[in-house]
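**Student:** Using the hints, put the two chains back together into the complex; each one sits in its own frame.
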Amino acid sequence: MEKSIETIWKEGFLKNDALVAPKLNDLYNQKSKHIIDKFKRMFRINLNAIVIGSFVILIASGVVGIPVMGIGYFFILNTIVLVNRRLMKDLIKIDKNVNSYQYLKSFDNWMKEQLAVNRKLARYYYPLFFVFMVLGFWFSNDIQETFKGILERPNQIYLINNIPVLWTIPIAIITGLLAYFGDRIYNFDVSLIYGQVFRKLDELIADIEELRA
Amino acid sequence: MSTDFYTSSILPYAAIIIKICRAYTNTQEDFEDYYQEVCLQIWRSNENFRGQSEWSTWIYRLTLNVCLTLLKKNSKHHVTSNHLPDVAAEDNRTFDDESLNHLYIAIKQLSEVDRAVILLYLEEKTYQEIAEIIGTNPNNIGVRVKRIKERLKKILDGKVN
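As given, the protein sequences belong to chains E and H, one line each in that order. Numbering-wise, this note's numbering puts 79 at position 79 of the first sequence, and it's gapless, one number per residue. Positions in the second sequence are counted from 1; adding 1000 to them yields this note's numbering.
No wet-lab data here; the hints were simulated from the structure. Computed from a prediction, not measured in an experiment: that's the story for all the values here. Incorrect hints may appear among the rest.
To be verified - Here are the simulated EDC-like cross-link-like pairs (lysine to aspartate or glutamate), alpha carbons at most 16 angstroms apart as the crow flies:
#1 Lys3(E) <-> Asp1033(H)
#2 Lys3(E) <-> Asp1097(H)
#3 Lys15(E) <-> Asp1097(H)
#4 Lys1019(H) <-> Asp1033(H)
Bound conformation, chain H alone (with noise of 0.2 angstroms):
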């Protein structure tokens, strides 16, 4: 890869690879694989984008794709809905904003779908663009965000693990 593609083409939108990873990975060095791992894809398949959305949203589409399919074998870091609370205690990283910590604990503490789903949401994108990133129907997102955000809700407020 040429610094200049990851500089004109990945840089700007490192935040969204950021996010996402962030929220698919429990250890530093997980996430730094995945975001090395989202920027060889975005580089591999950048001659297939072919403009039929924005490429933001297609570095979306990518990074979530990857994220979900990047399974670990290893079943300290298999992250399955039954396995919801060691995955948020196992996850030692922080940010600054304590908030934020929180959020991204309580976002962890969700299936990798509705991962998917509210970091869309919270991204801005249209219930819309977030069905045609996850391939799914339009009409349900919003019933989906509106679970989720309750969900999230009550367990920032500590009424769920």
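Isolated chain E, as found in the complex (with noise of 0.2 angstroms):
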């Protein structure tokens, strides 16, 4: 190598086809690819297609005739939403103008506070779902009927209350287990959308902190 790359630096750009400014096309409808402006705006469609989607439930689970399950989830993906809308409140703080550390740290702060809070809410939801799903079922005119028709034939089901009880062990152990696994079936489901993105922040701050030591 005959010169330092200082001055194959400073001499490269002397010629003036090396720093051709890009034209600017409509900035106000450019979609920005900032990794939070990213987070920020699928945050946002996340919670919106949320709420839509509960009244979607809402109403097509009266239609079909499941209610109970309609309102159950009605309320537990609202009470999703309004936490995580708390949670971006937190993200939309983050400033931009600290060092790359700082602004990194912030960012991969805010994530693993998200991560956790919506990993512990994950263990009651997962379990709500499938209860209000069996509930909604159960209370539906339809499953009724059958199970007065079974009813009508003698010594075919074991009842307490009304309640067939052999019939709610495999429900109380379903429930268990996506209340037990709730936060695994989270992460799992969290890291096949941003696995990658993760691993690439983990990488970075790891190599400033190697610099920082």
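**Tutor:** Listed below in structure tokens is the structure:
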């Protein structure tokens, strides 16, 4: 190598062609690819979609005759939205003017907090989704008719206070499993979508931390 | 963004933005996207400029923050230290100056953080300024710059891919 890298850098950029600024096109309408803006946007879209979805489920469940499920889902989904809207306020506060380490760290911290809160929530909402689904079907007219038919046949089913006890056992097991594995199901779900971004962030932060040491 | 703001506050520093964006992208299309995004962020964030550093330093910081966090989901463009040869090979943009071309290809074979360090060093930022922009310990910057320069020299001499 004849020239030093400093010389190559200086001399190379003396030529005019090297530094031609691209034209800016309609900046207002450009979709921001910035990771935090992207997250804010995705977050907003997700939350709005959940709210719309909760209304759709509520109406549809009434139409198909399982309103209990619809009402349950409506409350669970909107609770998730409320919690995440609060979390989003902290995301908006992240300052882009700090140094790279603080900036990435702030985002990483927010992400971890958000994941921890949603992981805890998942342990409740996955089993609750299942319970409301079962209740929805249980209180539907079709199932009640079928159940009455079963009851008319003697010794077909063991009841305590009109509740088919043996039927509740698998429901309880599934509910318990969903509560136990809720956080893991959530982790899996999140890693499918954001796994690559998280790995990238960890890699960057680790590299800067090595320099800070 | 007003044309006035772009002309008076961004365009004089376009060279800085171009040099950094160029080092973090593989295609002209990505480069233009990054450049545009940086300009957008400068415009959005300029009210937060507190004058504690120079405007140019602030632009370096913001440009790096934007580039470091513009994470492509597309694996073709996903840059990690494990995929370095591909990254260099994918970029077919050229400068008129052949040596500068080689230097850029070599810089792009570094990790994202090393790229930031060497770009700031080449822009004659002091170790203290580099440390402030990246958020690291200034004592380690000198050692890291030395190591990066050695690696770049090896790459340019053809001793490393």
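**Student:** Could you run down the list of hints and mark each one as holding or not?
**Tutor:** Hint check:
Only pairs whose Cα atoms come within 16 angstroms are accepted, and Lys3(E) paired with Asp1033(H) is rejected, the gap being roughly 32 angstroms. At roughly 13 angstroms between alpha-carbon atoms, Lys3(E) and Asp1097(H) fall within 16 angstroms of each other, so this suggested pair holds. Our distance criterion of 16 angstroms between C-alpha atoms is met by Lys15(E) and Asp1097(H), whose separation comes to about 8 angstroms. Taken as a hint, the Lys1019(H) and Asp1033(H) pair is honoured in the structure, with Cα atoms around 14 angstroms apart against an allowance of 16 angstroms.
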